[in-house]
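Student: Chain by chain, the residues run as shown.
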Amino acid sequence: MTVELHHYLILSSILFVLGIIGIISRKNSIGILMGIELVMNACGINFVAFSKYIASDFSGQIFALFIFVIAAAEVVVALAIVLRIYQNKATIDIEEVKDLKC
Amino acid sequence: MTSYDSLFYVFAAVTIIPAIVTVFHPNILYAALSLFGSFFGVAGIYVLLGADFIAATQVLIYVGGILVLILFAVMLSKNIYGMTFQDEKKKKILPTLFGILLLGFLIKLITTVHWNTTLSEEGPLPTTAALGNLLLTEYLLPFELASVLLLAALIGAIILARSK
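So the sequence lines, in the order shown, correspond to chains A and B. Start counting the first sequence at 1; every next residue gets the next number (my numbering). Start counting the second sequence at 103; every next residue gets the next number (my numbering).
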């Protein structure tokens with residue numbers, strides 16, 4: 001069975017679903033962040049696969065690069081917020097953090 | 103089965119198995135460490151897709167930057183082995199069932215749609231020069247906006263994490 005586009009799509013949807021399971025099942029906020037990273041990786045695989053098999057140019061790879069930028073910015077700000085919450089509440093369990101004001 | 107196909111399955115396994123550990127392992131430190139293997143597997147998939155620059159950037163940014171940040175955050179919030187870092191197993195059953203349903207729906211969708219693939223016969227080309235040209239001509243505005251976004255994230259993270 002030769003590897004076609006849908007092999008890559010199925011691989012990325014497995015990764016996406018694992019990320020979604022991580023996001024909705026973890027109570028630790030860093031665990032939720034790791035789920036989001038898995039989802040973003042799945043998205044990048046999709047972009048590059050479509051870029052190779054359907055568009056036949058480099059536009060998908062450009063968008064994969066922008067996903068890296070967004071992921072870096074997102075994880076930096078989110079971890080800063082997590083550390084801030086930890087300083088104030090001594091926990092990073094999202095069920096303990098009920099109010100936005102820290 | 104050509105060597106390309108077997109390489110695809112190897113990299114898919116390297117991507118999926120650590121991702122399963124990441125999602126289901128109760129200890130957050132081991133979950134973060136196994137994310138390492140998953141990111142390397144995705145880099146291998148990018149190489150198979152002929153995107154060499156993207157693969158190198160994946161290793162540099164995800165493995166060298168994001169994962170190190172996550173590990174720092176795990177270790178800075180102390181008491182790694184304590185009770186707050188252990189997630190209960192019972193809470194995973196319902197999300198897993200939901201995930202399997204979603205996966206079934208997605209796979210059904212992917213296999214029924216007829217993808218109009220046009221694969222050029224020539225082998226993989228080096229992509230770095232072409233990507234650089236595109237970034238500075240056609241995608242110049244998103245490129246500059248990305249730099250502004252990174253600057254904003256930098257300043258925001260410093261202001262948030264600074265102790266008073």
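Because the hints were derived from the structure by calculation, they are not lab data. Possibly wrong hints are sitting among the right ones.
Said to hold, decoys possible - One side of the interface only, derived from the structure: several residues of chain A facing chain B at Cβ under 7 Å:
| id | residue |
| --- | --- |
| 1 | Leu9 |
| 2 | Ile10 |
| 3 | Ser25 |
| 4 | Ile45 |
| 5 | Asn46 |
| 6 | Val48 |
| 7 | Ala49 |
| 8 | Tyr53 |
| 9 | Ile67 |
| 10 | Val69 |
| 11 | Ala72 |
| 12 | Ala73 |
| 13 | Ile85 |
These numbers were taken from a predicted model, which means no experiment stands behind them. Glycine included, every Cβ here is placed at the ideal spot set by N, Cα and C.
Student: Indicate, hint by hint, whether the structure satisfies it.
Tutor: Hint check:
Restraint check, Leu9/A versus chain B: the minimum CB separation of about 5 Å is within 7 Å; hint holds. The beta carbon of Ile10/A comes within 6 Å of a beta carbon in chain B, closer than 7 Å, and the hint placing it at the interface holds. Hint on Ser25/A holds. Least Cβ distance to chain B is approximately 4 Å, under the 7 Å limit. At a threshold of 7 Å, the smallest CB-CB gap from Ile45/A to chain B is about 6 Å, leaving the interface hint in force.
Against a cut-off of 7 Å between C-beta atoms, the interface hint on Asn46/A is violated, since the closest Cβ of chain B lies about 10 Å away. Because the closest C-beta pair between Val48/A and chain B is about 5 Å apart, less than 7 Å, the hint holds. Taken as an interface hint, Ala49/A checks out: its beta carbon lies about 6 Å from the nearest beta carbon of chain B, inside 7 Å. Taking 7 Å as the C-beta contact cut-off toward chain B, the hint placing Tyr53/A at the interface holds, the least distance being around 4 Å.
Proximity of Ile67/A to chain B is violated relative to the hint, the smallest CB-CB distance being about 10 Å (cut-off 7 Å). Annotation: Val69/A was flagged as interfacial toward chain B, and the flag holds, the nearest CB pair being 4 Å apart, inside 7 Å. At about 6 Å, the closest approach between the beta carbon of Ala72/A and any beta carbon in chain B falls short of 7 Å, and the interface hint on this residue holds. Interface hint at Ala73/A: satisfied, since its Cβ lies 4 Å from the closest Cβ of chain B, which is below the 7 Å cut-off.
The restraint placing Ile85/A at the interface with chain B is violated, with a minimum CB-CB distance near 9 Å, outside the 7 Å limit.
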